[in-house]
Amino acid sequence: MRTPISLLQSFGHSRRAAGLRPSPGLRLAAHRGLVAIPVLFGVTLLTFFVLDLLPGSAARQLLGADATPEQVAALEVRLGLNRPARERYLHWLTGAVTGDLGKSIASNQPVTALVAERLPVTVELVALAFALSLALSVPAALFAAHRPNRLVDRLTMLLSMGGLSMPSYVLAPVLVLIFSVNLTLFPSIGFKPPSAGVLENLHSLVLPTVAIALPLLCFYTRFLRGDVVEQMNGEDYVVTAVAKGIGPWRVLVRHALRNSLFGLLTLVGLNFGALIGGTVIVERIFALPGLGQLLLQAINTRDAPIVQAIVLLLAVVTVLANLCVDLLYAALDPRIRYGDR
Amino acid sequence: MAIDSTAETLKLATLPAPSRPRRHPLRWACSADIAVPLAMLSIILAGLLLPALYAMPEPVGGNILDADQPLLSPGHLLGTDANGNDILSRLLHGGRTSLLIAITVNLFGLLAGGSLGAMSAYLGGVADTIIMRVLDVLIAFPSLILVLAIARALEPGALDTIWALTFFSVPAFARIARAATLRLREQPFMVAAGLSGTGTWRVLARHIAPNIFPQLATFGLLGIGIAINIEGAVSFLGLGIPLPQPSWGNMIYQGQMTLSARPSLVLLPGMLLFVTVLSFNLLSEALRARWARQ
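Going down the list, the protein sequences come from chains A and B.
For the record, in the first sequence the residue sitting at position 156 is 435 according to the working numbering, with numbers rising by one throughout.
For the record, in the second sequence the residue sitting at position 181 is 210 according to the working numbering, with numbers rising by one throughout.
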């Protein structure tokens, strides 16, 4: 099977010279990439003007409640906040295109440095949560789909619906209560960097990971189970496989699951950006020095450049994740690769 | 939570168009998958209406001398919090606020987003492209961040929380309405309506609206659960319903500070929120399964 990289290489001159059109999967990905540009632009525009239109100012936040209007105005001039919004946005945009996201209003540090400092914690948390939820949801979905509407299936569906209905700010305190107050197995707050030892690091992230992973796990399980059951019920290739005498588990895993993984991939791609944003609450509860905490701080001090940078980052990650999914589709599905449409 | 909404939208958008429900409302509601969540919701709603019928301690302005009473103390069935406020009363009042916000947000989203999506799909052309691109931006936007930023800037309060939450509900409804309308456009009765010269607005109101309503309403139930969750999150972060006014989210936040000493302060609002959201989700799921079967 060819990797996306080799696919990209084959998108070069030889194919075009031979009169072959690039595969629809690649064209789709390229199209998505182009469409993403105005979306990204729109996201930054919206963030900027929403933050700008809302009442209250960063200068007032910095100076505190007893500052005189003159002091606030003077600080606004110094920070350049008195210039028209359009001008500031264009200034920001030209900077952003060249990779300069400006300086934090509150601390005057470069935004990229602040974000880069916090990013690893959040990325580790999200990666662990994804790994955990995907590793558990596939077997759970298969056991449920093995015999639809029987006891195991019903139970899995009910439990997963329960998990989906449990927001992280309810789940996290419950986890803390059970595992750190009563059983004292895991710490309730605090983060150990990987430099303090990988095990220490993982140990401090167990509860936050579970709090983020549980809703994801339930969601993926439900989705995958539904899709696999649908495949098993009507698809010709399943009928063929069964008729050939392949055992039910093998049909499930080797045939139905392989097809259903496509849908799951799409979901994972869609979830990515939202999930990083969703760590705000968990990071706050467990006092993790991640992106979510930075964002919350920035929102509270009306530090627009930081909010702007984080929103842009999340949007870019979402777009890239979707792009990767498109390319993976092409790599996994010969019909897309060879343009059978 | 927010992560689910896009994917649920996706899921609903791929369903076949539902036909009208059968005409026996009682028999229709009598299977367990619908009756159980409906019953749970009725109990919760009845409970939330209780303060209107029975004299109950006020949810705010309690006497500090009554602070931290345990469960089942006289006059305070579920005890009091650190400020001496009756917990049962706060739970019920807070729930009423959460539910009112969630229902308003979704009604507005259903009406505004639904008509936007249906019009966008039916009229097509440039209007459709523009509306969908704007919605794309809104959907690509991490909704929680937008809600937090708006909630932070506006004075904390119920109305502003509704306003902030609307930003995520309208695009979701519009997506579903659009997908459903696009499918309807191919149906014979729509072609017939077009051929017989039915006006655009009449088609939208009399043919499209009743046909996409079940799907929108099904998503609305799910949306109520999502809105309760997000409202709770915003209040939990101190940007939603301002203390001392109760909401489930800010009660959990308050209780979390004394988690090991008095877990019930977190567990009671947490359980209530969980059961309410679960009921809405189960109901929505049961309805969806029913539409899919028909």
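Quick caveat, the hints were computed from the structure, so don't treat them as lab data.
Owing to the predicted nature of the structure, the values given are computational and were not obtained by experimental measurement.
Don't take each hint at face value.
Claimed, not checked - To spell it out: a stretch of chain A is covered by chain B in this simulated footprint if at least three of its residues, at any positions, have a beta carbon under 8 Å from a beta carbon of chain B; those stretches are:
{"#": "1", "stretch": "351-362"}
{"#": "2", "stretch": "449-458"}
{"#": "3", "stretch": "572-586"}
Claimed, not checked - Residues from chain A that keep clear of chain B, each with C-beta distances beyond 12 Å, as calculated:
{"#": "4", "residue": "Phe-320"}
{"#": "5", "residue": "Leu-332"}
{"#": "6", "residue": "Glu-366"}
{"#": "7", "residue": "Asn-387"}
{"#": "8", "residue": "Pro-389"}
{"#": "9", "residue": "Ala-395"}
{"#": "10", "residue": "Val-417"}
{"#": "11", "residue": "Pro-473"}
{"#": "12", "residue": "Gly-476"}
{"#": "13", "residue": "Leu-481"}
{"#": "14", "residue": "Tyr-516"}
{"#": "15", "residue": "Thr-597"}
{"#": "16", "residue": "Leu-606"}
Claimed, not checked - Beta-carbon label-pair distances, calculated as ranges:
{"#": "17", "chain 1": "A", "residue 1": "Thr-377", "chain 2": "B", "residue 2": "Leu-224", "range": "53 to 63 Å"}
{"#": "18", "chain 1": "A", "residue 1": "Arg-362", "chain 2": "B", "residue 2": "Leu-140", "range": "16 to 26 Å"}
{"#": "19", "chain 1": "B", "residue 1": "Ile-159", "chain 2": "A", "residue 2": "Asn-579", "range": "30 to 40 Å"}
{"#": "20", "chain 1": "B", "residue 1": "Pro-271", "chain 2": "A", "residue 2": "Leu-462", "range": "45 to 55 Å"}
{"#": "21", "chain 1": "A", "residue 1": "Asn-480", "chain 2": "B", "residue 2": "Glu-215", "range": "49 to 59 Å"}
{"#": "22", "chain 1": "B", "residue 1": "Val-65", "chain 2": "A", "residue 2": "Phe-320", "range": "29 to 39 Å"}
{"#": "23", "chain 1": "B", "residue 1": "Ser-293", "chain 2": "A", "residue 2": "Val-518", "range": "23 to 33 Å"}
{"#": "24", "chain 1": "A", "residue 1": "Thr-377", "chain 2": "B", "residue 2": "Val-65", "range": "57 to 67 Å"}
{"#": "25", "chain 1": "A", "residue 1": "Leu-462", "chain 2": "B", "residue 2": "Asp-97", "range": "36 to 46 Å"}
{"#": "26", "chain 1": "B", "residue 1": "Gly-153", "chain 2": "A", "residue 2": "Val-532", "range": "20 to 30 Å"}
Cβ atoms here follow ideal geometry from the backbone N, Cα and C, with glycine treated the same way.
Here is how each hint holds up against the structure:
{"no.": "1", "hint": "351-362", "in the structure": "violated (count 0)"}
{"no.": "2", "hint": "449-458", "in the structure": "holds (count 5)"}
{"no.": "3", "hint": "572-586", "in the structure": "holds (count 6)"}
{"no.": "4", "hint": "Phe-320", "in the structure": "violated (9 Å)"}
{"no.": "5", "hint": "Leu-332", "in the structure": "violated (9 Å)"}
{"no.": "6", "hint": "Glu-366", "in the structure": "holds (22 Å)"}
{"no.": "7", "hint": "Asn-387", "in the structure": "holds (22 Å)"}
{"no.": "8", "hint": "Pro-389", "in the structure": "holds (21 Å)"}
{"no.": "9", "hint": "Ala-395", "in the structure": "holds (19 Å)"}
{"no.": "10", "hint": "Val-417", "in the structure": "holds (17 Å)"}
{"no.": "11", "hint": "Pro-473", "in the structure": "holds (26 Å)"}
{"no.": "12", "hint": "Gly-476", "in the structure": "holds (27 Å)"}
{"no.": "13", "hint": "Leu-481", "in the structure": "holds (24 Å)"}
{"no.": "14", "hint": "Tyr-516", "in the structure": "holds (20 Å)"}
{"no.": "15", "hint": "Thr-597", "in the structure": "violated (6 Å)"}
{"no.": "16", "hint": "Leu-606", "in the structure": "holds (19 Å)"}
{"no.": "17", "hint": "A:Thr-377 to B:Leu-224: 53 to 63 Å", "in the structure": "holds (57 Å)"}
{"no.": "18", "hint": "A:Arg-362 to B:Leu-140: 16 to 26 Å", "in the structure": "violated (40 Å)"}
{"no.": "19", "hint": "B:Ile-159 to A:Asn-579: 30 to 40 Å", "in the structure": "holds (35 Å)"}
{"no.": "20", "hint": "B:Pro-271 to A:Leu-462: 45 to 55 Å", "in the structure": "violated (36 Å)"}
{"no.": "21", "hint": "A:Asn-480 to B:Glu-215: 49 to 59 Å", "in the structure": "holds (55 Å)"}
{"no.": "22", "hint": "B:Val-65 to A:Phe-320: 29 to 39 Å", "in the structure": "violated (48 Å)"}
{"no.": "23", "hint": "B:Ser-293 to A:Val-518: 23 to 33 Å", "in the structure": "violated (55 Å)"}
{"no.": "24", "hint": "A:Thr-377 to B:Val-65: 57 to 67 Å", "in the structure": "holds (58 Å)"}
{"no.": "25", "hint": "A:Leu-462 to B:Asp-97: 36 to 46 Å", "in the structure": "violated (26 Å)"}
{"no.": "26", "hint": "B:Gly-153 to A:Val-532: 20 to 30 Å", "in the structure": "violated (43 Å)"}
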